[in-house]
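Asker: Heads up: the sequence lines are chains A and B, in that order. Using my numbering, you'd call the opening residue of the first sequence number 1 and step up by one each time. Using my numbering, you'd call the opening residue of the second sequence number 1001 and step up by one each time.
The set of hints was computed from the structure by calculation and includes no laboratory data. Please note that the accuracy of each hint is not assured.
What the hints assert, rightly or not - Each computed DSS-like pair below joins lysine-lysine, with the alpha-carbon atoms no more than 30 angstroms apart: (1) B:K1100 / B:K1115; (2) A:K215 / A:K142; (3) A:K155 / B:K1089; (4) A:K127 / A:K155; (5) B:K1226 / A:K142; (6) B:K1089 / A:K147; (7) A:K137 / A:K127; (8) A:K137 / A:K215; (9) B:K1226 / A:K155; (10) B:K1225 / A:K147; (11) B:K1226 / A:K137; (12) A:K171 / A:K215; (13) A:K142 / A:K127; (14) A:K127 / B:K1225; (15) B:K1046 / B:K1226; (16) B:K1115 / A:K155; (17) B:K1011 / A:K147; (18) B:K1225 / A:K137; (19) A:K127 / B:K1226; (20) B:K1046 / A:K137.
The model shown is predicted, which means the values in this text are computed figures rather than measured ones.
Each chain is listed here by its residues.
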Amino acid sequence: MYCLQINLTPTAAMTFRILPGSILNIATYPFVPPTTLSGYLRRVAMLSAGLDIPETTINKDNPPFYTLPRNLISLGAYPVCNTYHGVHRTYRKGMRSFNHDVFSRLYIEKDKANFQLHTWEYLIAEKLIGYVVSESKSDLEKFQQIKGMGCKLGKEGFAIVDAISPPIELKRDTISAIPSTIVPMEALLQTNEFFNGCDIYNLYRYQWSSNESNKDSFSNDPSAIDGFIPFVGGYYPPQSNSVATVEYYTDGEINIPTSLVNLIQGKVDV
Amino acid sequence: MTTGLPKTDKKNPRFHFDIYTILEGAQELYFGHETQVNVNLVETIKMYGKDGQALEKCYLSPTKRRGIERRCLLWSPVSNGELLGDKQKCGIPKTCADPKCPICSTYGALDPGSKTLIGRVSHGGGVAVQDIYPIEKQRAMHPAMIVNQKEETPQPYKRQYNQPGILYPVYNHALSLTDNEFAAVAYAFLDSLPRIGAGNPKGIAIAESDEVPLLVLDRYLVPQKKRPIISPAIVDPQAAIAEFKRLGNFEDNDGNYIQENHFERWIGNLALTKLQEYSTSFVDAVLQA
Ligand SMILES: [Zn+2]
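Isolated chain A (complex conformation) (with noise of 0.2 angstroms):
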């Protein structure tokens, strides 16, 4: 299994928003999902091939997606240890409903019904380190020309690819290590592994459709994509300095449950 090992520099507060969850208090994962990094180097990808940035008007009933294809396999982005990161709460003003300009009007008389208010969580990071994986060396080596490169990432927020690896060559082996990532539950239910510093989320893989056809990430071609599978996952946040002892693909630095890949590939269900 090769793996590149991509680092962000986000320039702005982030929001990768949990769902479900509550309309007037938007939490945010403290680590970019899978989903979303996939969602996001895509876009870069295609910028980076002088396309203009995709899915500026969306029509609701059928919006099309943009992601990684599905050999290659986007695992998430996560802060690093010893630098400046955490989740931000703050309060923000919320509309009730969609159908006045009250928050516009230089002269208001009476606002009050109008608004509420949201708390809404914000992950700032000064760096992330993302991952993704491919049995193909030759499709991730495709990805050195994305480096410079900027994109929204998230609901909210906005990062630039500082640095991208040539493709790590990674090997099978359980052991115990820090996860790079997010830990399948299931996996460490099935070695009676103990949850010790690990923070359980709920978390999204995408439903691919039989016929995907698209395995040019530098192209228009929208991803056959047919919606989304949750799963349960395990986050070890990088202050925690908890191992897990599962089955990894792993250089000694980098350190991947397989369970995870073979989640997300669609390979097994959980």
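Could you slot chain B with the ligand onto chain A? The hints should help.
Answerer: Structure of chain B with the ligand alone, referenced to chain A:
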């Protein structure tokens, strides 16, 4: 059609633009939430820093800057005496969502149930450089009470202020815009600076170093130079300024302008002049048309 964007012609190609700057609060600033009448706290962020140490800093949130810039466009005066938002029938939150609207086409819009225009301008930065905690001041009467004459007794209250002299690195990223579309962004960015901060005093300025504004403007299809982005972990203002100038090529260029393959960068005074040119073209082409 993948983008949904109206077609442009050869004379109006799309580019990516980035504005990088360091803003400086010239006086005490209040960035608190406008609606929280009795909670007069400014927005601060507390994060893990190096060695897991907590670091608390003042914050000029990108969301607030975005809102102020959008209002600057909505309230910009059109030649017939109207404001642009009224002329365009565009407001907040009821946006017109017309792809030709100079506000919605760049800052985005939502017409629930019918269409969404994804904004192509993203706002970033805003984490203060110095870890100076806001100061608290006693005020005689809340400004909200001054307009509401029915309240008889003035309510003394305390309010926090961000201290003057704090630096805020901020960034505006605009993707796939024509020069004409970016002109609205340049206008909004420059026009918003004196309006930043709730209540009075108000206003923030582009910080200077040796009388040169700490401002960089990039226009490109292929990003070439390093981006002048300041790590939120930096607390030393001199270090932040030096880093901004190094990454922004303030010293190592010919005439504060760099041109490379599919890339242009304007630096310092020249960046300000270029933004003012764009801003003027927005006034000429949209407001005075
Ligand atoms: Zn509009």
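Asker: Honestly, which of those hints from before does the structure not fit?
Answerer: 6, 20
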